[in-house]
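First to last, the protein sequences are chains A and B. Position 259 (the first sequence) corresponds to 259 in my numbering; numbering is contiguous. Position 11 (the second sequence) corresponds to 11 in my numbering; numbering is contiguous.
None of these hints come from the bench; they were simulated from the model. A portion of the hints provided could be inaccurate.
Because identical chains share one entry, a pair is satisfied inside a single copy or across any pair of copies.
[Unchecked claim] In silico EDC-like links for lysine to aspartate or glutamate, alpha-carbon gap of 20 angstroms or less: (1) 106 <-> 49; (2) 106 <-> 85; (3) 30 <-> 319; (4) 167 <-> 105; (5) 172 <-> 261; (6) 321 <-> 22; (7) 233 <-> 261; (8) 167 <-> 257.
Note that this is a predicted model, so its numbers are computed, not measured.
2 protein chains.
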Amino acid sequence: MTHKFDVLGIGNAIVDILVNVEDDFLAAHKIPRGSMQLVDEETSDKLYDQLGTAIECSGGSAANTIAGLASLGSNAAYIGKIKDDQLGHVFAHDIASLGIAFTTEKDNSGVSTARCLVMVSPDAERTMCTYLGACVNLTEDDIDPDMVAASAVTYMEGYLWDPEKAKAAFRKAMTLAHNAGRKTSLTLSDSFCVDRHKQEFRHLAEHEIDILFANEEELLMLYDTRDISVALKAVQQHCEVAAVTRGAKGCTIVSADEIIDINGYPVSDLVDTTGAGDLFAAGFLHGYSRGEDLKNCGRIGNLVASEIITHMGARPNVDLKQYLADNL
Amino acid sequence: MTHKFDVLGIGNAIVDILVNVEDDFLAAHKIPRGSMQLVDEETSDKLYDQLGTAIECSGGSAANTIAGLASLGSNAAYIGKIKDDQLGHVFAHDIASLGIAFTTEKDNSGVSTARCLVMVSPDAERTMCTYLGACVNLTEDDIDPDMVAASAVTYMEGYLWDPEKAKAAFRKAMTLAHNAGRKTSLTLSDSFCVDRHKQEFRHLAEHEIDILFANEEELLMLYDTRDISVALKAVQQHCEVAAVTRGAKGCTIVSADEIIDINGYPVSDLVDTTGAGDLFAAGFLHGYSRGEDLKNCGRIGNLVASEIITHMGARPNVDLKQYLADNL
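Just chain A, same shape as in the assembly (with noise of 0.2 angstroms):
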């Protein structure tokens, strides 16, 4: 079966603010380090106004994912929610400057484009705030039939389960998907987002998702338990293919058949980890929508997701094409 788009992302459309932080500071305001925390307008430049001198780039989880399969190679297709604003335009630009389909409608009044505080501590890990503004507007009505029909994989991710609308969108796309014969795909985001979504999550995982990308600490939430290997097995019961991100370890691919841990790379200066889970997922399905077998699949991920963190931001700084073909 044909496909024009490898990997449809849908996901909250957002402008990261990204800005060194002390963790006093994020104890001070009792902020869970590594977190990222739904913060409504005034909290958000509340503590903006306390911040230091920041940059800003654009984010958003699938997004990120999206702008990795697409420097990689990949026909991608995106869809999220902007406001016709300046940040909305910081984010249109940098999708549409990868040759990403993206055609979702502007909101022309209301709330701003969404935005997130990305605080990153001296050791790298990034603790995130995130204002959904125009983000909750998704509906419905923003899932495109004959997007979701022409790619192979519809991704989407955890947080979008937050606004109350993007969560029809997103039931609406995934049976598309599988009316079409296509894969859908999830990744839970953040251990506290899936303690938000417990239930849910777990019959996603059961009966609607194909592929789904955690990370360790999701994926012990998501099946309450403090042992990887009971989490494994019982993701194995659920999904066809599981990608469980292990920090600097590496990843380990659950498929019906095996459970493959595959060691991560070494990264010598590491920055910035925000988009590290993202990038790995745009490295995997870059390979998966190549045929490539998982344990390949795996390795790219890893690989991808190594360069992410060696800078400030969660797009990539250079061709990721390139990079794969210097250092795979």
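Starting from the structure of chain A, add chain B where the hints point.
Chain B only, in chain A's frame:
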């Protein structure tokens, strides 16, 4: 004579859009490598559409210098015009986050906050296309006489000579500074800028400016010569102090008594030369306002410039006070 601010900067308040380019792109668009040129909004947008994934950070030549001074521990103030829009908020945040006094009234309507497309070549040279936007609305009324009188040095960028009304603001500030017994300082900004305003800049150097900043090309352009020793002798007749940057070679400091060459700091990981001149001026003026001798001022300037070119963007990535303590 006591002062509240070591340095007041007056300049174009700009948000930078940084993007990597190949030199072919510049050639195809007939943009001189290393130049800054002014473009209208339509041209800026058209160019942006053709460029790759970007990051955004606060910029503006004098604003970069003032940010550097604040990071070094100087008391600093800034005057420049933004609009009350998202990019304006980014600019204001980054200035405020460093404790810089910035009270210029924002535009509520009209053209948007200025932006500069900074195209970074593989060898780290930067080429800029600036849409001045709200900057052109800076007028005499924005020059706060108390702020000028309270500043030991009023530092202005040559770029500000482009918007007609800002020129009047500039003249008012120079008069106020001298009436209060303070020093005036100017950076020539860019050799193309010097070419546009050569006679006026020469007049300023002769009659209005105490401390002049320039790179070699700009100084040669100012005095219509290809012989740097001729240019250095000319500026020695005109300004109390001239600080001339010479790229990797370092700088030459000119005063009535002497012309001193000071070697640059070796930099192994050159990434982006944006802001090198601006941050040299920050280091120099920081030393100057603390009564350091001119040679030491030049050394501090060289050191601070060596930090900014190791990463994307023209604002310091580290606390420069600490950086100075660790490296000088």
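Do the hints match the structure? See the list:
Proximity of residue 106 to residue 49 under the C-alpha cut-off of 20 angstroms is restricted to the inter-copy arrangement: shortest distance 18 angstroms between copies versus 28 angstroms within a copy. With identical chains, the CA atoms of residue 106 and residue 85 are at most 20 angstroms apart both within one copy (9 angstroms) and between copies (18 angstroms). When the C-alpha separation of residue 30 and residue 319 is checked against a cutoff of 20 angstroms, the pair qualifies neither within a copy, at 38 angstroms, nor between copies, at 25 angstroms. Proximity of residue 167 to residue 105 under the C-alpha cut-off of 20 angstroms is restricted to the intra-copy arrangement: shortest distance 18 angstroms within a copy versus 43 angstroms between copies.
With identical chains, the CA atoms of residue 172 and residue 261 are never at most 20 angstroms apart, being 34 angstroms at best within one copy and 69 angstroms at best between copies. In this homomeric assembly, residue 321 and residue 22 come within 20 angstroms of each other (Cα to Cα) only across copies, at 17 angstroms, whereas the closest approach inside a single copy is 35 angstroms. Taking identical chains as interchangeable, the C-alpha atoms of residue 233 and residue 261 lie at most 20 angstroms apart only when both belong to the same chain, with a minimum of 14 angstroms there against 69 angstroms between chains. In the homo-oligomer, the alpha carbons of residue 167 and residue 257 never lie at most 20 angstroms apart, since the shortest distance is 32 angstroms inside one protomer and 74 angstroms across protomers.
Hint violations for this structure: numbers 3, 5 and 8, all remaining hints satisfied.
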